[in-house]
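Working from the sequences, and respecting the hints, build out all of it.
Given next are the chains, with one letter for each unit.
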Amino acid sequence: AQSVTQPDIHITVSEGASLELRCNYSYGATPYLFWYVQSPGQGLQLLLKYFSGDTLVQGIKGFEAEFKRSQSSFNLRKPSVHWSDAAEYFCAVGGITSGGSYIPTFGRGTSLIVHP
Amino acid sequence: NAGVTQTPKFRILKIGQSMTLQCAQDMNHNYMYWYRQDPGMGLKLIYYSVGAGITDKGEVPNGYNVSRSTTEDFPLRLELAAPSQTSVYFCASSTAGVGKFQPQHFGDGTRLSIL
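These protein sequences, in sequence, are chains A and B.
Numbers given in this note's numbering equal positions in the first sequence, counted from 1, plus 24.
Numbers given in this note's numbering equal positions in the second sequence, counted from 1, plus 5.
Quick caveat, the hints were computed from the structure, so don't treat them as lab data.
One or more of the hints may lead you astray.
[Claimed, not checked] With a straight-line Cα cutoff of 25 Å, these simulated SDA-like cross-link-like pairs (lysine to any residue) come out:
| hint | chain 1 | residue 1 | chain 2 | residue 2 |
| --- | --- | --- | --- | --- |
| 1 | A | Lys-73 | B | His-34 |
| 2 | B | Lys-49 | A | Phe-75 |
| 3 | B | Lys-14 | A | Gln-69 |
| 4 | B | Lys-14 | A | Glu-112 |
| 5 | B | Lys-49 | A | Glu-112 |
| 6 | A | Lys-73 | B | Gly-102 |
| 7 | B | Lys-49 | A | Ile-35 |
| 8 | B | Lys-49 | A | Asn-99 |
| 9 | B | Lys-105 | A | Gly-124 |
| 10 | B | Lys-49 | A | Pro-31 |
| 11 | B | Lys-49 | A | Ser-50 |
| 12 | B | Lys-14 | A | Gly-65 |
| 13 | B | Lys-49 | A | Gly-52 |
[Claimed, not checked] These stretches of chain B come out as covered by chain A in the derived footprint (C-beta under 8 Å, 3 or more residues):
| hint | segment |
| --- | --- |
| 14 | 49 to 55 |
| 15 | 91 to 102 |
Cβ coordinates follow ideal geometry from the N, Cα and C atoms, glycine included.
Right under this line is the structure:
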């Protein structure tokens with residue numbers, strides 16, 4: 025069965041500092057990987073995705089993520105954080121169930137706090 | 006393009022009451038999903054559908070029912086509301102199939118309290 029671990033429940037950074045949010049996954053084949061962001065009172069919005077090809081993927085709002093197969097990781101990075109980046113971030117892995125359905129599995133999320 | 010629309014946005018129910026959470030998408034996606042989100046617990050899959058007329062249980066289906074009579078609509082039914090069903094409910098849709106697994110589009114959620 026597929027699974028996702030986001031080891032950090034909360035991350036606090038200062039505005040302008042760099043950011044890395046960790047994500048580790050477990051899946052038997054080449055995974056589909058996603059990062060979503062959730063602002064307070066909102067639904068989830070896609071930041072970026074990895075399906076295949078270049079292991080460094082660029083997303084919206086200046087975010088990027090790197091797929092490392094050897095480490096089963098898909099960490100999210102941003103070189104300079106803005107106060108508006110404060111939100112909940114979810115990593116997800118998409119896999120195929122034994123019944124042939126495409127079901128993503130989400131991590132528990134990392135709450136990003138940005139200090140001025 | 007409206008995307009995924011959920012109604013209502015907020016609701017308070019009494020224990021034992023029933024209600025239906027509505028979800029509609031206008032992107033012709035084959036997959037639709039219902040999740041509940043509790044603080045610090047991420048998203049738990051309640052039910053999903055791979056197309057009209059086909060539904061299946063997710064991780065936490067007890068106390069809920071779904072139907073999918075059209076591609077666009079995927080309502081979630083609570084028959085006998087219990088305090089444990091107090092949560093934020095999200096509907097999502099996506100396109101998936103052999104060789105493709107597109108990201109999900111989410112609605113803005115329904116905040117449900119059972120008192």
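Cross-check of the supplied hints:
Between A/Lys-73 and B/His-34 the alpha-carbon distance is near 18 Å, which keeps this suggested pair within the 25 Å criterion. A distance of roughly 23 Å separates the Cα atoms of B/Lys-49 and A/Phe-75; the hinted pair therefore holds under the 25 Å criterion. Restraint check: the Cα-Cα separation between B/Lys-14 and A/Gln-69 comes to about 18 Å, which is no more than 25 Å; the hinted pair holds. About 20 Å separates the Cα atoms of B/Lys-14 and A/Glu-112, which keeps this hinted pair within 25 Å; it holds.
The hinted pair formed by B/Lys-49 and A/Glu-112 meets the criterion: a straight-line CA distance of about 16 Å does not exceed 25 Å. Between A/Lys-73 and B/Gly-102 the alpha-carbon distance is near 17 Å, which keeps this suggested pair within the 25 Å criterion. For the hint linking B/Lys-49 to A/Ile-35, the alpha-carbon distance of about 23 Å falls within 25 Å, and the restraint holds. As the CA atoms of B/Lys-49 and A/Asn-99 are separated by approximately 22 Å, the hinted pair is consistent with the 25 Å bound.
Between B/Lys-105 and A/Gly-124, the direct Cα distance comes to roughly 13 Å. Compliance with the 25 Å bound is thereby established for this hinted pair. Proximity of B/Lys-49 to A/Pro-31 is assessed by CA-CA distance (about 18 Å); at most 25 Å being required, the pair is judged to hold. A distance of roughly 17 Å separates the Cα atoms of B/Lys-49 and A/Ser-50; the hinted pair therefore holds under the 25 Å criterion. Between the alpha carbons of B/Lys-14 and A/Gly-65 the distance comes to roughly 10 Å, so the proposed pair stays at or under 25 Å and holds.
Between B/Lys-49 and A/Gly-52 the alpha-carbon distance is near 21 Å, which keeps this suggested pair within the 25 Å criterion. By the rule of at least three residues with a Cβ nearer than 8 Å to a Cβ of chain A, the coverage given for the segment 49 to 55 of chain B holds, with 3 such residues. Counting residues of the segment 91 to 102 of chain B whose beta-carbon sits less than 8 Å from any beta-carbon of chain A gives 5, enough to reach three: the coverage restraint holds.
In summary, this structure violates none of the numbered hints.
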